[in-house]
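Assemble the whole structure, with the sequences as input and the hints as a guide.
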Amino acid sequence: MTTLLTAIFYLWFVTTILLVVLWLVRRQDRKRSVDEGSEHDGLFVVEDEVEDEAGADGGPRDAGPTVAIRPAAVTRIELPTVLDLLDGITLPFDLAPSTVGIVEPERHAIFLSSHHDAEATGTAFADELTRLGFDIEPAGFDQALAVRGDDVLTLRICPDATTVLDGTAPRFVAAEESDTAIEVWVGRGSPPPVRP
0 MTTLLTAIFY LWFVTTILLV VLWLVRRQDR KRSVDEGSEH DGLFVVEDEV
50 EDEAGADGGP RDAGPTVAIR PAAVTRIELP TVLDLLDGIT LPFDLAPSTV
100 GIVEPERHAI FLSSHHDAEA TGTAFADELT RLGFDIEPAG FDQALAVRGD
150 DVLTLRICPD ATTVLDGTAP RFVAAEESDT AIEVWVGRGS PPPVRP
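Taking numbering that gives the first Met the number 0, I'd label the letters of the sequence shown as residues 0 to 195.
For the record, the hints were derived by calculation from the structure and aren't laboratory data. Note that the Cβ used here is the ideal one computed from N, Cα and C, for glycine as well. Heads up, some of the hints might be wrong.
[Unchecked claim] Derived DEER-like restraints, expressed as beta-carbon distance ranges:
(1) 28 x 1: 20 to 28 Å
(2) 166 x 12: 15 to 23 Å
(3) 150 x 23: 49 to 57 Å
(4) 29 x 6: 55 to 63 Å
(5) 116 x 82: 24 to 32 Å
(6) 16 x 190: 57 to 65 Å
(7) 104 x 17: 57 to 65 Å
(8) 163 x 89: 22 to 30 Å
(9) 16 x 186: 22 to 30 Å
(10) 23 x 139: 57 to 65 Å
(11) 192 x 87: 23 to 31 Å
(12) 187 x 96: 17 to 25 Å
Here it is, written out as structure tokens:
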């Protein structure tokens, strides 16, 4: 029985050594093929020979094959900014944009109003968005979605902006006593972070 276990152990040991050696050889081959500029997963392509205008001695020299690295195709989708989506809006009452604390101004906007009640301010703002072609869909007690085709804005109204906290810090740093805040951000989901 011990000789059978010993034979299995040596078989396992030799197989492991062979697999490690095979892995190292393949790794070295891949490294060499990349260094030589041969095709590797479609990332490297050998170009035709290129002649430099002048070699080290001032005469023409043969540069030999060169490697051109072709990066993978990246499709970048440009999403509209909050300003793009609100283009043409007339801010009702005395709503004024506030940039204090905004981390992502291209995706997030805050508007503050100090002289009108929150319900009237929110309704007037929603009416302006409707005028711009958005459909307003309620999304909770204090939130709504404004949808126009593929464009989505999330809206949140805060009747007393000075009492809203982001963690332990005030969310609307520029808000004064009894200001109403309307927060708008691109897309659906939670409000973006702010800087205290």
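Okay, the hints, checked on the actual structure:
A hinted range of 20 to 28 Å is violated for the C-beta pair residue 28 and residue 1, which are about 41 Å apart. Distance hint check: the CB atoms of residue 166 and residue 12 are about 57 Å apart, inconsistent with the given range 15 to 23 Å. Against the hinted window of 49 to 57 Å, the Cβ-Cβ separation of residue 150 and residue 23 comes to about 54 Å, which satisfies the hint. Hint check: residue 29 to residue 6, Cβ distance near 35 Å, so the stated range 55 to 63 Å is violated.
For residue 116 paired with residue 82, a C-beta distance near 27 Å keeps the hint of 24 to 32 Å intact. Range check, residue 16 to residue 190: about 58 Å between beta-carbon atoms, so the 57 to 65 Å window is met. At about 60 Å, the beta-carbon gap between residue 104 and residue 17 stays in the expected band of 57 to 65 Å. Range check, residue 163 to residue 89: Cβ separation about 26 Å, and the 22 to 30 Å hint holds.
Against the hinted window of 22 to 30 Å, the Cβ-Cβ separation of residue 16 and residue 186 comes to about 55 Å, which falls outside the hint. For the hinted restraint 57 to 65 Å between residue 23 and residue 139, the CB-CB distance of approximately 59 Å keeps it satisfied. For the pair residue 192 and residue 87, the supplied restraint of 23 to 31 Å holds, since their beta-carbon distance comes to about 28 Å. Hint check: residue 187 to residue 96, Cβ distance near 22 Å, so the stated range 17 to 25 Å holds.
Of the hints listed earlier, those the structure fails to meet are numbers 1, 2, 4, 9, in rising order.
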